[in-house]
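> As a plain string of letters, each chain reads:
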Amino acid sequence: MIPAAFEYHRASSLPEVFELLQAHGDDAKLLAGGHSLLPLMKLRLAAPSVIVDISRLSDLAYIREEGDSVKIGALTRHHTVQHSDLLKREVPILPYATSKVGDPQVRHRGTIGGSISHGDPASDLPAVALALGATFTLTGPSGSRQVPASEFFQGFLETALAPDEVLTEISVPKVPSAGWSFQKFNRRAQDWAIVGVAAVVGNGTGNGVALVNMGPTPLRASAVEEALAGGSSAADAAAHASDGLDPPADLNASPEYRRHLAEVLTRRALTEAGAS
Amino acid sequence: MKVSMSVNGVVQDHDVEPRTLLVHYLRDVVGLTGTNIGCDTTSCGACTVLIDGQSAKSCTILAATADGSSITTIEGLAHGDELHPVQAAFREEHGLQCGYCTPGMVMAAVSLIDEHRTPDGGTDLNEAEVREGLEGNLCRCTGYHNIVRAVLSAAGVSLPGPGTHIAATVGGGQS
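For the protein sequence lines, the chains are A and B, in the order given.
So the first sequence is numbered by numbering that gives the first Met the number 0: it starts at 0 and just counts up by one.
So the second sequence is numbered by numbering that gives the first Met the number 0: it starts at 0 and just counts up by one.
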């Protein structure tokens, strides 16, 4: 399978990216690791007429401490996140969940920023960002703005990114002593999750529980978070996992099965994370 | 557009369409057909090559993106008649049946072993890590048992005896 023809530009700086995005508008797509976009282009589900390859913007590949948080450049590859000693120590759920993304070849190429800005409800890292209460830096021609993960995912493959903006940084709070768990249920090793759950509990700022593939966007399990805040047990809180949600049906699972999985996986996640 | 990259140590300069995938570039433009196209959907790993030493699925990378990098394909492993240790181990342990997945499987194994090298020249791999490390490669003959034995052998790990099998660890895993 071969993608539809496109014009290719390799950007060497962010200002150049903005120029290209402004010149080509909706016709242009950013290419980082390419492991979300290229499969869609090969299937002709996406056919952008302009590709802006940002994979050489090496200034956007970093992991560093800053006060109470860890800042991750959007072009940091999954492999680097997975093996980061700093993240293993301060935000252990993130490298662990990243180790479950795709397979080693995919993790060598795919980037955290690409995965998050694609906004796929079935991908793992958006849910982890939600559970952690991450903040994203969106940079455009006139400057940067900070958007909490909870406001970033707006619709199916739709995010808060404006057409001329780039996700440049992911900021995650240090939670070295929080309980955490990432549960992913799939049928084969490298498949997308049929349902997944990310939980971070007891980090001092409330509990974060988020779901993979339970609706049109990556979602916070708000009813579970509220039940935990109200003193519910893990099992009682998990019973609210799919409250108010409308999970999709596909070849792998019916909505009913997804609701069942969400409850079971949430219970396991809360138990492993040590939510009482 | 012009792309230039080192393929198995030889610099290649070619003019390609921007939409050319790396696997098509390697097979149809450079003429190295050892890299197979399998599922063509980033799942099976038959097209695995090394980009700057790391395994990658060449069906999901543009030749344009690989411009300037160093590519190793299955043809680049052996020195003349002397097989690469991973190739030799696949032969010794019968780590192939139909052979279609083998180039990708070998390249994935080379990358996996390289990432697990210890300072003494050995590796810290075990069977479960090999099985998990090859999750991006599918063998249509389901001949995984001998593939795993071959990779362990190449990694310098003493092989489990006949009939023994250590299940791959899955799930949980905060340890």
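The hints are simulated quantities; they were obtained by calculation from the structure and are not laboratory data.
Check the hints yourself; a few may be wrong.
[To be verified] Calculated cross-link-like contacts (lysine-lysine; reagent style DSSO-like; alpha-carbon spacing at most 27 Å): (1) K87(A) with K70(A); (2) K41(A) with K173(A); (3) K173(A) with K1(B); (4) K1(B) with K87(A); (5) K28(A) with K70(A); (6) K87(A) with K28(A).
> None of the hints should be skipped; say for each whether it holds.
Hint check:
The hinted pair formed by K87(A) and K70(A) meets the criterion: a straight-line CA distance of about 14 Å does not exceed 27 Å. Pair hint K41(A) plus K173(A) does not hold up; C-alpha atoms about 39 Å apart against a cutoff of 27 Å. Distance check on the hinted pair: K173(A) and K1(B) sit about 45 Å apart at the alpha-carbon level, beyond 27 Å; violated. For the given pair, K1(B) sits about 41 Å from K87(A) by alpha-carbon distance, which is inconsistent with the 27 Å threshold.
Taking the CA atoms of K28(A) and K70(A), the gap is near 25 Å; set against the 27 Å cutoff, the hint holds. The suggested pairing of K87(A) with K28(A) is violated, with an alpha-carbon distance near 32 Å, which exceeds 27 Å.
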